[in-house]
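With the hints as extra help, turn the sequences into a complete structure.
Below, each chain spelled out in residue letters.
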Amino acid sequence: MPRELSIAQAVNEGIREEMRRDPNVVLMGEDVGEYGGVFGVTRGLHAEFGGERVRDCPLNEAAIVGFAIGLAISGKPAIAEIEFMDFVTFAMDALVNQAAKLRYCYGGQVDMPLVVRTPVAAQLGFGSQHSQSLEAWFMHVPGLKVVMPSNAYDAKGLIKTAIRDRDPVLFIENVSLYGTKTEVPEDEYTIPFGQAAVRREGDDVTIIALSSMAPLALKAADELARQGIHAEVIDPRTLAPLDMDTIVASVEKTGRAVVVHLAHKTGGVGAEIAQQITERAFDYLDGPVVRVASVDAPVAASGTLEKALYPDQRAIVEACLSFRRADVGGVR
Amino acid sequence: MPRELSIAQAVNEGIREEMRRDPNVVLMGEDVGEYGGVFGVTRGLHAEFGGERVRDCPLNEAAIVGFAIGLAISGKPAIAEIEFMDFVTFAMDALVNQAAKLRYCYGGQVDMPLVVRTPVAAQLGFGSQHSQSLEAWFMHVPGLKVVMPSNAYDAKGLIKTAIRDRDPVLFIENVSLYGTKTEVPEDEYTIPFGQAAVRREGDDVTIIALSSMAPLALKAADELARQGIHAEVIDPRTLAPLDMDTIVASVEKTGRAVVVHLAHKTGGVGAEIAQQITERAFDYLDGPVVRVASVDAPVAASGTLEKALYPDQRAIVEACLSFRRADVGGVR
Amino acid sequence: MTLTNQQQITMLRKMWLIRYFEEAAIRLNGEGLYRGSTHPYIAQEATAVGVVAALKPGDKALATYRGHGAYLAMGGDPSRGLAELLGKETGVCKGKGGSMHLSDVSLGFMGSNAIVGAHIPIAGGVALSQQLDGTDNVTVCFFGDGASCEGVFYETCNMAALWNLPLILVVENNEFAISTHVSKAVCVPDISIRAQGFGFPGVTIDGREVDAVYAAATDAVQRARQGGGPTLIEAKTVRWTRHSAVSAGGYGSGSDGEKWRQTDPIPRYQAALVSRGILTDVEVTAIEAEARAAIDDAARFAVNSPAPSLDALTTDMFA
Amino acid sequence: MTLTNQQQITMLRKMWLIRYFEEAAIRLNGEGLYRGSTHPYIAQEATAVGVVAALKPGDKALATYRGHGAYLAMGGDPSRGLAELLGKETGVCKGKGGSMHLSDVSLGFMGSNAIVGAHIPIAGGVALSQQLDGTDNVTVCFFGDGASCEGVFYETCNMAALWNLPLILVVENNEFAISTHVSKAVCVPDISIRAQGFGFPGVTIDGREVDAVYAAATDAVQRARQGGGPTLIEAKTVRWTRHSAVSAGGYGSGSDGEKWRQTDPIPRYQAALVSRGILTDVEVTAIEAEARAAIDDAARFAVNSPAPSLDALTTDMFA
Ligand SMILES: Cc1ncc(C[n+]2csc(CCOP(=O)(O)OP(=O)(O)O)c2C)c(N)n1
Ligand SMILES: Cc1ncc(C[n+]2csc(CCOP(=O)(O)OP(=O)(O)O)c2C)c(N)n1
Ligand SMILES: [Mg+2]
Ligand SMILES: [Mg+2]
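Chains as they are written, first to last, in the numbering used here: chain A, 1 to 332; chain B, 1 to 332; chain C, 1 to 319; chain D, 1 to 319.
Since the hints were made in silico from the structure, they are not lab data. Do not take every clue at face value.
[Unchecked claim] Cut-off 30 Å, straight-line C-alpha distance, at most; resulting in silico cross-link-like pairs (DSS-like, lysine-lysine): (1) B/K307 to B/K219; (2) B/K181 to B/K265; (3) B/K219 to A/K253; (4) A/K265 to B/K265.
[To be verified] Just so you have them, the derived chain B footprint on chain D, three or more residues with Cβ under 8 Å: (5) 25 to 39; (6) 99 to 113; (7) 145 to 158; (8) 266 to 278; (9) 301 to 310.
Backbone N, C-alpha and C fix where the C-beta goes; we use that ideal spot for every residue, glycine too.
Rendered as structure tokens:
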């Protein structure tokens, strides 16, 4: 019987294995200790590794990441948790001006084995200050690696790679995915950064979908298939490094691309991915890359408004159908 | 004799006029008082308006913007200075989670007449932590307005609009432009947000150039003109709101677009502008929009490396010539 | 400044109102009538009520996501409050803010905030505005023991002291930040000690004793009105329920829960008012029943209110 | 722990080295040999030199952009230091960091930092690493009066106290943050008072008196080695020159400048060593001349070194 884990369990297991492997790894954050994290991701780690290595911190996002950097440049791989991604706003200097730059501006004298884990808690009714998916900011910061897994298998393989990596990694989890279980082998494995996963093959349109949008895109692809349209679904898995080769190869085949993310549309990573596709595959494109993303407005607490803000399956399907409607080349 | 002012003088005059007009306006920041700001932009304001309204603050970027928000929701238009844009990393929560969102999540109960002024000190040898142009982050935050003037005339008209605006405005100045003088009338004027300026007309290629890149693009256009290529140069002036109509109209005419900014290429606003052009003018495009921007690496202190990192006139010229070389449609 | 009988009765009434509001908030959340988080103020009622009793018109208050108590103490309407929790159009923030952003600016309640600590410098700015206006009004900022660790708290202390602002910082030390006990988060035994590093008064009081809260607040407010600058009041209290209606901490249940229930501020104050001859047992019961009925009405109003129309998605973003 | 004669002579030598290094830094900047900023440590030499004298191998230090003094005190090579300022390939950071990022990790000098306050929590993490390793080593963090206002300073104080870290926080109170006098930025008369809010020792000393600095540092270092946790040392000092070689503040010139020059820590220490019979006047002069010559050599090395090749643009970004 193949074993199934949730993303929360998979990240937990990945961290656990790496902390067993490397006694230098230290985990820090708010409520990560005995409590096991507000979403349960660090459950049991305090019991196994003790309070020295699994450290509950005061509400000090800036200092938490700052301390983790201090550990990292001392040769101790550090995992810092920011409880909700929205709170990374308090740790921006540490991440952007320190973690991403110190190796460079010290001329390579230090390694920066730092993982900052943070959950995006969108679509749960938490409102404007607890729902943001801010990956676009970090994709714009040279020196950072940015990871956004969409399932348990990837989450485990990628968190292990992140912990072993000597560079700073921002590891963005999605709370709405925590519960979904997928198969995770017992045997150890890692997943390299910079390799997109083709989740489904198809000839008609390429859907590039990030994190929680990847499973949604697969559902949309099912729906499209019933209409005779075969979508290829690609999950980039890491935004930095970004595997454009896989994406471009697909678009060269399909001639059409839809980028889907949870974050607000304007200035989101969809723009970057779309533009890179356009730069590299312009002659193959039947029409402009279409973006499916959140409305550009703060997230309201009201369920009605929240629902209207975020992209849904219908929006993805319609984006894929828009090529036909616009009659750009027609759908094969 | 038409009067010429530097950008520093123009911003200063704009603030002065607005502080005279509205006794509620308060200015806060580090070294903004008697000293007049590290780049001299607030010179003389303390003498005229006194220490109550022109407030020197301790090194507290987070609290400076937080206090300014408190003034703003109390009905006092507040101007907060972040001494270099890189330090906005300490004030991200205040700007992103508070200033941009409170009106919305309080259901419209408060106004947010807040201006955060900040200089980008790139290309001056200050190194990785004092050279960043981070406008892309803020264009991605619904609820913020983002202004990037490229000359004294605009700077004055836009800062006045910003101070009168009841919404939060991030006003990004460029230190390398502070010295350049341009004509500024004595008579009062304001410049509305969301109106791009066509700096030069041309039929062959559209160059969209932000802030300090606008004058550089004009020089590149001169050089291109000598080669018989007529570039239209557009300065968006405000990124949020963004005047895409003017840009799209130009690209529909020229069929070619080059976006130029100082910030790093990946995830920069060039991606957003390029993608919006592609979405709206795909059928007019001879080839993909070309981006000219900084190399994706931290900014080295070494002058040699710094020079190689930033876009220069040659890069803009070459981007415009690339359409010919790629033989996409040919240059008229 | 002794309180009139009527004022004391109002305080008791408000405490009951808060208690039943929070029970309704938990119940409605449990029934799935709204999602997201709600952070009950149960067992902490005496703090907001005691502090607000020391205020006068023109004074302002700001609070955290655990801010329903401050909202009601400042005079917030329970109906529009519960409607806000339920994300309804009739909510005090049109349903856009929800439980964590409850606020009524017209009452001087300048807002609840979901980012721990973020509202502290904002409160500083509100106090600065009062000072610039030349009023003798003050601003109160409520926050938790956890929040007292955030950098912005200290930055605000320094600026408020430098500028001598009429700011009353009320740290509600309920011993926990989600799961983290204050002893693992704050390196000094009393949070009020922090004020020593900034040279302004810091006091620790029993936050479940409404009279003690009122006395400390009155003292701080008077000083602030007279230009004496900020005060840090640490109200030691307990968090009776879980951190929020959706996340459970490992405390407050079982025998521990019983211990905490014994420190419930409401029966204590009720007994005090009876022993002072201000209320009879019968009147006390009536006040509770009235509060319960008011909240029942409010809940009905909230449940029956319409959801916002989709137009609201992008309104209130810009002026 | 009394210092040997040799140690005292080394301290004097280092102070001169710093002084001439800074003069060279200003001169080379004036000559246009590098752009950007450089923040002289002139008149503050006694602080870095006195503190570092209390350290042993395995101890670490971090400093600000005004960090040339700490770099040299920790044993940094003046040649590779000046080459770094000039952005040369031979610079200790390959020319990528420049004046504000001077650092030599191999010496335990974990880096200068251009963001005011940012390195304070990083220093906390370095100290945590030492604690986790079970060593008795300590970490010193130098920063300014201005930096002591940033939220991260307080957050670090709290965490360092909670975790009992071997962290020595050395605030160099030179009275100014660019243009802002400390009295307009810090609400207490001594920055060391801040430590009271965190329950660990804070002391104020004359930062121009190398012996006093050494004594305070030794005390703090000993406590930290024995598991006694952090200390805040406020070294009161002056900033002799302008804030940086490129931005002028309105002080330090004219008659005021004369006053400050009279408090120059180097002649003072020189005189002390002569009066203690450790050095003769002739030897003193020789030490100064030696330092000057060493810096002249270093400057020549720096000027004659090649610029980095363009390949370097994207190396050292990732491992
Ligand atoms: C900046 C920030 N960090 C973390 C959180 C997550 N969080 C919400 S409430 C809370 C605990 C706060 O504790 P305290 O300040 O004591 O207030 P209490 O909940 O006890 O009223 C935490 C960690 C947040 N909302 N904001
Ligand atoms: C976060 C941040 N804010 C502002 C600045 C700009 N700045 C550079 S040095 C300085 C003054 C710092 O004063 P202090 O900490 O006393 O150090 P000193 O320069 O006196 O050594 C300021 C405001 C900065 N580099 N970083
Ligand atoms: Mg608490
Ligand atoms: Mg100073």
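Checked hints:
1. B/K307 to B/K219: This hinted pair holds, its Cα atoms lying about 18 Å apart.
2. B/K181 to B/K265: holds (29 Å)
3. B/K219 to A/K253: This hinted pair is violated, its Cα atoms lying about 41 Å apart.
4. A/K265 to B/K265: holds (18 Å)
5. 25 to 39: holds (count 4)
6. 99 to 113: Per the Cβ count (4), the hint holds.
7. 145 to 158: Held - the region 145 to 158 of chain D has 5 residues with a Cβ nearer than 8 Å to chain B, which meets the minimum of three.
8. 266 to 278: Result for this restraint: violated, n = 0.
9. 301 to 310: holds (count 3)
The structure fails hints 3 and 8 (numbered hints given earlier, in ascending order).
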